[in-house]
Amino acid sequence: EPEVTQTPSHQVTQMGQEVILRCVPISNHLYFYWYRQILGQKVEFLVSFYNNEISEKSEIFDDQFSVERPDGSNFTLKIRSTKLEDSAMYFCATNEELNTEAFFGQGTRLTVV
Amino acid sequence: AQKVTQAQTEISVVEKEDVTLDCVYETRDTTYYLFWYKQPPSGELVFLIRRNSFDEQNEISGRYSWNFQKSTSSFNFTITASQVVDSAVYFCALSDYQAGTALIFGKGTTLSVSS
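Those protein sequence lines, which keep their order, are chains V and W.
Per my numbering, residue 1 is the first one in the first sequence, and the count goes up by one each step.
Per my numbering, residue 1 is the first one in the second sequence, and the count goes up by one each step.
FYI, nobody ran anything at the bench for these hints, they're computed from the structure.
Hints may contain errors.
Unchecked claim - SDA-like, lysine to any residue: derived pairs with alpha carbons at most 25 Å apart:
no., chain 1, residue 1, chain 2, residue 2
1, W, Lys107, W, Phe47
2, V, Lys83, W, Thr20
3, V, Lys57, W, Ser12
4, V, Lys42, W, Thr20
Claimed, not checked - What follows is a list of derived Cβ distance ranges for each label pair:
no., chain 1, residue 1, chain 2, residue 2, range
5, V, Ser66, W, Gln2, 21 to 27 Å
6, V, Gln14, W, Gln69, 48 to 54 Å
7, W, Phe47, V, Gly72, 22 to 28 Å
8, V, Gly72, W, Ser112, 20 to 26 Å
Cβ atoms here follow ideal geometry from the backbone N, Cα and C, with glycine treated the same way.
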């Protein structure tokens with residue numbers, strides 16, 4: 001069964017450092033998303049990406065965040081200068097079509113120390 | 001604005017009991033989609049069901065059933081004869097044209113099933 005793959009599974013970084021989280025979407029999917037889940041809390045939307053550009057973003061997705069799909073396969077989330085409050089599980093999700101089920105990756109647990 | 005409310009933070013049941021997880025949503029759109037996801041202790045998010053706003057038929061899949069009622073803006077989830085493997089956090093989510101393609105999640109209900 002096709003799946004969304006995220007790497008790394010766990011990343012520890014020092015405050016102020018840049019991190020890049022990677023996602024390989026399901027091959028025929030066109031819509032890509034990043035969500036985050038702070039420990040014990042709900043899943044929050046960060047950004048959606050379609051046709052090589054951001055289609056929507058939440059207020060969480062400020063200038064410290066960026067996304068790109070540099071090589072047509074990986075979909076990345078970059079956090080430019082990490083803060084302690086960026087510690088969370090980050091999920092990549094992909095859809096084949098609008099409003100269909102989103103397939104989630106296993107998540108990357110980011111710990112900022 | 002869109003909102004999903006899961007008022008039950010935690011539910012504990014004993015195996016074989018039936019349990020219903022509540023979900024109430026708010027949206028101004030007439031076209032919207034509702035979802036349930038399961039998050040087991042391992043942390044991944046597992047899709048369970050998707051419903052569009054024009055389809056109010058209840059759905060049953062094995063021990064799982066869903067009751068969608070537009071009149072009360074609710075999309076409740078029932079597990080019949082619960083099992084220990086059902087222990088997880090269950091999230092209800094909404095997608096509408098205001099949210100675009102994004103999923104708006106509720107805070108989740110933690111279900112603990114003991115043997």
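Okay, the hints, checked on the actual structure:
1. W:Lys107 with W:Phe47: 16 Å, holds
2. V:Lys83 with W:Thr20: 39 Å, violated
3. V:Lys57 with W:Ser12: Measuring from Cα to Cα gives roughly 36 Å; hence the hint is violated.
4. V:Lys42 with W:Thr20: 19 Å, holds
5. V:Ser66 with W:Gln2: 21 to 27 Å: 26 Å, holds
6. V:Gln14 with W:Gln69: 48 to 54 Å: Holds - the Cβ-Cβ distance for Gln14 of chain V and Gln69 of chain W, about 50 Å, lies within 48 to 54 Å.
7. W:Phe47 with V:Gly72: 22 to 28 Å: With Cβ atoms ~25 Å apart, the hint holds.
8. V:Gly72 with W:Ser112: 20 to 26 Å: Given a distance of about 43 Å, which is not inside 20 to 26 Å, the answer is violated.
In the structure shown, a violation is registered for the earlier hints numbered 2, 3 and 8, in ascending order.
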